[in-house]
Amino acid sequence: MIYIDDICKFHSIITDLKDSGVSVHLYGNSTECFSGAYAGFDTPPNNTLAIRIVALTSVGTIYCNSFTKLKESETVENAKQLYNQLSVTNAQVSYSKDSGTVTIK
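Here the sequence shown stands for residues 7 to 111, where the numbers follow my numbering.
Keep in mind the hints are simulated off the structure, nothing from the lab. For every residue, glycine included, the Cβ atom is placed at its ideal position computed from N, Cα and C. One or more of the hints may lead you astray.
What the hints assert, rightly or not - As a list, the in silico DSSO-like pairs of lysine-lysine whose alpha-carbon atoms are at most 30 Å apart:
1) Lys15 to Lys103
2) Lys86 to Lys15
3) Lys24 to Lys86
4) Lys103 to Lys24
5) Lys86 to Lys103
Unchecked claim - Using C-beta positions, here's what the derived DEER-type ranges look like:
6) Asp11 to Ser105: 16 to 24 Å
7) Val82 to Ser18: 17 to 25 Å
8) Tyr9 to Glu38: 21 to 29 Å
9) Ile110 to Asp11: 12 to 20 Å
10) Gln91 to Met7: 20 to 28 Å
11) Lys75 to Asn35: 14 to 22 Å
12) Asp11 to Gln91: 13 to 21 Å
Please build the complete structure, drawing on both the sequences and the hints.
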């Protein structure tokens, strides 16, 4: 299992896998939310774009857990475009560091 926290790197890897003929199935979501742990406590609510995607491939599982501050508008728009290009099936996904497992609901 590969864990990635950058949507740009994730998009690049998935694109390369698909171009190589690897079977890739994507599940996840993109939400605007507040997360003090990632954004700092001096920023307003709903200030973060959170993207969580799991890629089930014939060569392994890849989990993307990307957070971008909404005030970084160019970065946010780029992340949204990359997310849309991936054609992700909408689902709630999570990763457990303790067990190393991914859950798709």
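Hints versus structure:
Proximity of Lys15 to Lys103 is assessed by CA-CA distance (about 20 Å); at most 30 Å being required, the pair is judged to hold. Straight-line distance between C-alpha atoms of Lys86 and Lys15 comes to about 14 Å, which keeps the hinted pair within the 30 Å bound. Between the alpha carbons of Lys24 and Lys86 the distance comes to roughly 20 Å, so the proposed pair stays at or under 30 Å and holds. With a C-alpha separation of about 27 Å, the suggested pairing of Lys103 with Lys24 holds against the 30 Å cut-off.
A C-alpha spacing of about 26 Å is found between Lys86 and Lys103, which places the hinted pair at or below 30 Å, so the restraint holds. Judged by the Cβ atoms, the range 16 to 24 Å given for Asp11 and Ser105 holds: they are separated by roughly 19 Å. Checked against the hint of 17 to 25 Å, the pair Val82 and Ser18 passes, with Cβ atoms roughly 18 Å apart. At roughly 23 Å, the beta carbons of Tyr9 and Glu38 sit within the given window of 21 to 29 Å.
Taken as a hint, the range 12 to 20 Å holds for the pair Ile110 and Asp11, whose Cβ atoms sit roughly 19 Å apart. Hint check: Gln91 to Met7, Cβ distance near 23 Å, so the stated range 20 to 28 Å holds. Separation of Lys75 from Asn35 is about 18 Å and conforms to the stated range, judged on CB atoms against 14 to 22 Å. Asp11 and Gln91 have their C-beta atoms about 19 Å apart, which keeps the hinted 13 to 21 Å range intact.
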